[in-house]
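A.B. asks: The lines below spell out each chain.
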Amino acid sequence: MSTARYTVGIDLGTTHCVLAAVDLTASDGDEVVERIELIPQLTAPGAVEERPMLPSFLYLPHPDELRPEDRVLPWGEPPFVVGELARAMGSRTPIRLVSSAKSWLCHPGVDRRAAILPVEAPEEVGQISPLQASIRYLEHLRAAWDHQHPDAPLIEQDVVLTVPASFDPAARELTAEAAEAVGLRHLVLLEEPQAALYHWVLATREGWRKQVQLGDIILVIDLGGGTADFSLIAVTERDGSLELVRVAVGEHILLGGDNMDLALAHTVRAKLAEQGIQLDPWQLQGLTHGCRSAKETLLSHGEVEAVPVVVPSRGSKLIGGTLRTELTRDEVSHTLMEGFFPIVEAAARPAARARAALTKLGLPYAQDAAMTRHLAAFLGRQVEATRHLSGFEGRLPEHASFLHPTAVLFNGGVFKAPPLLERTLTVLNGWLATEDAPPARLLEGSDLDLAVALGAAYYGYVRRGRGVRIRGGTAKSYYVGVESAMPAVPGMEPPIEALCIAPFGMEEGTQAELPPQEVGLVVGEPVRFRFFGSSVRRTDQVGAVLEQWTADEVEELEEIEATLPAEDRQPGEVVPVRLHAAVTEVGTLRLEAVPREGGEAWKVEFDVRGEH
Amino acid sequence: MNDSPLSFLNRLILALRAFGRILIDEGFAAGVLRLEGGAAALAPVTAEPTRPVLKETSPDSALQLLALLQQEGRFVDFLQENVTAYSDTEIGGAARVVHEGCCKVVRDYLRIQPVREEAEGVRLTVPAGFDPTAVRLTGNVVGQPPFTGTLMHRGWRVAEIKLPKVAEGHDVQVLAPAEVEL
Numbered sequence: 003m004s005t006a007r008y009t010v011g012i013d014l015g016t017t018h019c020v021l022a023a024v025d026l027t028a029s030d031g032d033e034v035v036e037r038i039e040l041i042p043q044l045t046a047p048g049a050v051e052e053r054p055m056l057p058s059f060l061y062l063p064h065p066d067e068l069r070p071e072d073r074v075l076p077w078g079e080p081p082f083v084v085g086e087l088a089r090a091m092g093s094r095t096p097i098r099l100v101s102s103a104k105s106w107l108c109h110p111g112v113d114r115r116a117a118i119l120p121v122e123a124p125e126e127v128g129q130i131s132p133l134q135a136s137i138r139y140l141e142h143l144r145a146a147w148d149h150q151h152p153d154a155p156l157i158e159q160d161v162v163l164t165v166p167a168s169f170d171p172a173a174r175e176l177t178a179e180a181a182e183a184v185g186l187r188h189l190v191l192l193e194e195p196q197a198a199l200y201h202w203v204l205a206t207r208e209g210w211r212k213q214v215q216l217g218d219i220i221l222v223i224d225l226g227g228g229t230a231d232f233s234l235i236a237v238t239e240r241d242g243s244l245e246l247v248r249v250a251v252g253e254h255i256l257l258g259g260d261n262m263d264l265a266l267a268h269t270v271r272a273k274l275a276e277q278g279i280q281l282d283p284w285q286l287q288g289l290t291h292g293c294r295s296a297k298e299t300l301l302s303h304g305e306v307e308a309v310p311v312v313v314p315s316r317g318s319k320l321i322g323g324t325l326r327t328e329l330t331r332d333e334v335s336h337t338l339m340e341g342f343f344p345i346v347e348a349a350a351r352p353a354a355r356a357r358a359a360l361t362k363l364g365l366p367y368a369q370d371a372a373m374t375r376h377l378a379a380f381l382g383r384q385v386e387a388t389r390h391l392s393g394f395e396g397r398l399p400e401h402a403s404f405l406h407p408t409a410v411l412f413n414g415g416v417f418k419a420p421p422l423l424e425r426t427l428t429v430l431n432g433w434l435a436t437e438d439a440p441p442a443r444l445l446e447g448s449d450l451d452l453a454v455a456l457g458a459a460y461y462g463y464v465r466r467g468r469g470v471r472i473r474g475g476t477a478k479s480y481y482v483g484v485e486s487a488m489p490a491v492p493g494m495e496p497p498i499e500a501l502c503i504a505p506f507g508m509e510e511g512t513q514a515e516l517p518p519q520e521v522g523l524v525v526g527e528p529v530r531f532r533f534f535g536s537s538v539r540r541t542d543q544v545g546a547v548l549e550q551w552t553a554d555e556v557e558e559l560e561e562i563e564a565t566l567p568a569e570d571r572q573p574g575e576v577v578p579v580r581l582h583a584a585v586t587e588v589g590t591l592r593l594e595a596v597p598r599e600g601g602e603a604w605k606v607e608f609d610v611r612g613e614h
Numbered sequence: 002m003n004d005s006p007l008s009f010l011n012r013l014i015l016a017l018r019a020f021g022r023i024l025i026d027e028g029f030a031a032g033v034l035r036l037e038g039g040a041a042a043l044a045p046v047t048a049e050p051t052r053p054v055l056k057e058t059s060p061d062s063a064l065q066l067l068a069l070l071q072q073e074g075r076f077v078d079f080l081q082e083n084v085t086a087y088s089d090t091e092i093g094g095a096a097r098v099v100h101e102g103c104c105k106v107v108r109d110y111l112r113i114q115p116v117r118e119e120a121e122g123v124r125l126t127v128p129a130g131f132d133p134t135a136v137r138l139t140g141n142v143v144g145q146p147p148f149t150g151t152l153m154h155r156g157w158r159v160a161e162i163k164l165p166k167v168a169e170g171h172d173v174q175v176l177a178p179a180e181v182e183l
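From first to last, the protein sequence lines are chains A and B. So my numbering is basically just the index in the first sequence, starting at one, shifted up by 2. So my numbering is basically just the index in the second sequence, starting at one, shifted up by 1.
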């Protein structure tokens, strides 16, 4: 253990970053002193303010756009802008704005170390990579922390950095790499829905043991600004005391609160267009902003039927140029409730439209906006999640078509509107009722925007042995593709088999066994393997070979790549190696190629340069 | 000067304009102070021997607040417009922008509390040694404290103000930059 004075939680979000800390010297047992750390940032040229959230935006200004004194932070004047001012400037000049860097970080179609952001930037704007953008945000957070804690620099504290539960091994590794680049030495990664649950445990001050019981299955729904993330956490028992085990995580879904505000703005824009009023992009931005606050008013005050929305003029003539319209209850209900939270059956699945040919570089946004259908798909796919868990035998009826959660914890800014939370719970309880299961209880969360960072800081404290830990390990089993030993048929690709190299549920700091099968690496040449993961095959052991599988069961990930340096071997020689998996202390998956004769093992890279 | 009675809207606009001008124009502010203190009219300020207790306030934070009100609530745009040319509906639409934005500024940067927590209209007692800056006695002001009277206005005080830090050399006189789209 380090000599840390604090455990620090960092929520490196798609739209916001939050920094929280537990003061170890002031905390003891259940007495935990935790707080949100304010983050100084530019809010206007030359104006610095401390705010609890740092918008995850980076602006690359033109050399003449800001004078050095207008971008002064308490710790220096970096040549770029991060935070509130970046967002404000980017709304007027999008070609210089980097946003959603986190979604790019887990976009398998691109090289995440290549300078590709902002995507639309003209040549003279020095683009940066998704990895660099993450490093910039972390640098800002580190500088903010060090400024406020000059005698306890961040690199000496225990840092917990959160990632979506659905991040693949490559995205997790890139996140850890960004943290390493900033100098964070005492680092662990934590899944965001788990962080939200840790915050709930913290908020109950150990009263959680009275609120759940053996056999409970807690569904965590984390709907942030840009992503939807689901996890299932089972309440088990060991040595007579309750334990928490994360049994399943959902797929990566790019769907969040920003989509909802934008959808409302487009509804209103269409209404204005009918009156012959066209909006420019700047006005649409103002409209989106107006719709967001109108939505919150409509959703939290049941008696209001319509809220005026005004789009300010761009010029100084405010009165003449301002457009006035309104957002009605019906529109919100139709756009949000029916568009994002429709009442569907448990058997519903998200529509997967065939993607148009790859016309331009973009993020793989969810094709179906219906959050409830994504949730149905998740629970349906995970129906077996507790089958082999002790204490859960026979709890789920034989005929169940989906896993039955018994409690739900909501997190993320979207659920600040209570009707969206209630609708989700109603839909879920409707599914449960059709299978004669009792309704799921609502676990009262709090601080929907800040819970993940606070929970992460608390997890750092728990890791020191002072509270309940959520167990679970890796949420997938992993496979490499090997050509099967079938006789070759001309004109047909040899069939691929999937060789299991890492079983489900590997804990941090553990190693998998060496598989008996060997694969050949060509000395001096990069060799690629197809790589697969399964979030449902919980019992496959290392060395197991799958001859066939369904797309729902095993998902193909990015290819992985190994290069064996020539050194004392002949280039071109084929060396038999075995692929060895381990989960590092940080929480990333590590693959190595181990030659038969022993000797040094070679790292297998997840993040191969995108060639899609 | 037009002496016809002013409508509520006109008075609201006058109040907003006066607010802005008080912040930036010291002479005007002094005049309002005199007027509000009971002076009959806005007579030109005669040169009085300046007393050493009066100090110059730095205009920086006033300008900063005004810039924030403009940035969030288009306050200066609103004040600079000739409202007589528009209908109340049009003015109302713009007033929403101003109200919402300015409220946000007040909420984010200032903590404003009533001076007296009692409901307006109740009778209350003002003890001896009260602060005349915070409580103003009006009407039949005679006799010795404690005074008993009716609370006409609760008063407002700023419990806390936290403006953004400004970089050395940043020109606070620019309330809103001119925008040129390329």
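These are calculated hints, taken from the structure and not from any lab test. Be a bit skeptical, because a hint or two may be false.
To be verified - List of simulated lysine-lysine pairs, DSBU-like, C-alpha gap at most 35 Å:
{"no.": "1", "chain 1": "B", "residue 1": "K105", "chain 2": "A", "residue 2": "K418"}
{"no.": "2", "chain 1": "A", "residue 1": "K212", "chain 2": "A", "residue 2": "K418"}
{"no.": "3", "chain 1": "B", "residue 1": "K56", "chain 2": "A", "residue 2": "K418"}
{"no.": "4", "chain 1": "A", "residue 1": "K418", "chain 2": "B", "residue 2": "K166"}
{"no.": "5", "chain 1": "B", "residue 1": "K166", "chain 2": "B", "residue 2": "K56"}
{"no.": "6", "chain 1": "B", "residue 1": "K163", "chain 2": "B", "residue 2": "K105"}
{"no.": "7", "chain 1": "B", "residue 1": "K56", "chain 2": "B", "residue 2": "K105"}
{"no.": "8", "chain 1": "A", "residue 1": "K273", "chain 2": "B", "residue 2": "K166"}
{"no.": "9", "chain 1": "A", "residue 1": "K319", "chain 2": "B", "residue 2": "K105"}
{"no.": "10", "chain 1": "A", "residue 1": "K273", "chain 2": "A", "residue 2": "K319"}
{"no.": "11", "chain 1": "A", "residue 1": "K212", "chain 2": "A", "residue 2": "K319"}
{"no.": "12", "chain 1": "B", "residue 1": "K166", "chain 2": "B", "residue 2": "K105"}
{"no.": "13", "chain 1": "B", "residue 1": "K163", "chain 2": "A", "residue 2": "K418"}
{"no.": "14", "chain 1": "B", "residue 1": "K105", "chain 2": "A", "residue 2": "K273"}
{"no.": "15", "chain 1": "B", "residue 1": "K163", "chain 2": "B", "residue 2": "K56"}
As the list claims (entries may be wrong) - Here are some chain B residues pointing at chain A (derived, C-beta under 8 Å):
{"no.": "16", "residue": "E118"}
{"no.": "17", "residue": "E119"}
{"no.": "18", "residue": "A120"}
Virtual Cβ for every residue (Gly too), placed ideally from N, Cα, C.
A.B. asks: Each hint should be assessed against the structure and marked as holding or not.
C.D. replies: Verification of the hints:
1. For the given pair, K105 (chain B) sits about 19 Å from K418 (chain A) by alpha-carbon distance, which is consistent with the 35 Å threshold.
2. A hinted pair counts as satisfied when its Cα atoms are at most 35 Å apart, and K212 (chain A) with K418 (chain A) qualifies at roughly 26 Å.
3. Between K56 (chain B) and K418 (chain A) the alpha-carbon distance is near 48 Å, which puts this suggested pair outside the 35 Å criterion.
4. Distance check on the hinted pair: K418 (chain A) and K166 (chain B) sit about 31 Å apart at the alpha-carbon level, within 35 Å; holds.
5. With a C-alpha separation of about 23 Å, the suggested pairing of K166 (chain B) with K56 (chain B) holds against the 35 Å cut-off.
6. For the hint linking K163 (chain B) to K105 (chain B), the alpha-carbon distance of about 13 Å falls within 35 Å, and the restraint holds.
7. Between K56 (chain B) and K105 (chain B) the CA atoms are separated by roughly 31 Å; this keeps the pair inside 35 Å, and the hint holds.
8. Straight-line distance between C-alpha atoms of K273 (chain A) and K166 (chain B) comes to about 42 Å, which puts the hinted pair past the 35 Å bound.
9. Annotation: proposed proximity of K319 (chain A) to K105 (chain B) holds, straight-line Cα distance about 21 Å (limit 35 Å).
10. Simply put, K273 (chain A) and K319 (chain A) have alpha-carbon atoms about 24 Å apart, close enough for the 35 Å limit, and the pair holds.
11. A threshold of 35 Å between alpha carbons decides the hint, and for K212 (chain A) with K319 (chain A) the separation of about 60 Å lies outside it, so the pair is violated.
12. Between K166 (chain B) and K105 (chain B), the direct Cα distance comes to roughly 18 Å. Compliance with the 35 Å bound is thereby established for this hinted pair.
13. Between K163 (chain B) and K418 (chain A), the direct Cα distance comes to roughly 27 Å. Compliance with the 35 Å bound is thereby established for this hinted pair.
14. This hinted pair checks out: K105 (chain B) and K273 (chain A) have alpha carbons roughly 28 Å apart, not beyond 35 Å.
15. As the CA atoms of K163 (chain B) and K56 (chain B) are separated by approximately 22 Å, the hinted pair is consistent with the 35 Å bound.
16. Because the closest C-beta pair between E118 (chain B) and chain A is about 27 Å apart, greater than 8 Å, the hint is violated.
17. The closest approach between the C-beta of E119 (chain B) and any C-beta of chain A is roughly 29 Å, which is over the 8 Å cut-off, so the hint fails.
18. Against a cut-off of 8 Å between C-beta atoms, the interface hint on A120 (chain B) is violated, since the closest Cβ of chain A lies about 25 Å away.
When held up to the earlier numbered hints, the structure conflicts with 3, 8, 11, 16, 17, 18 and fits the remainder.
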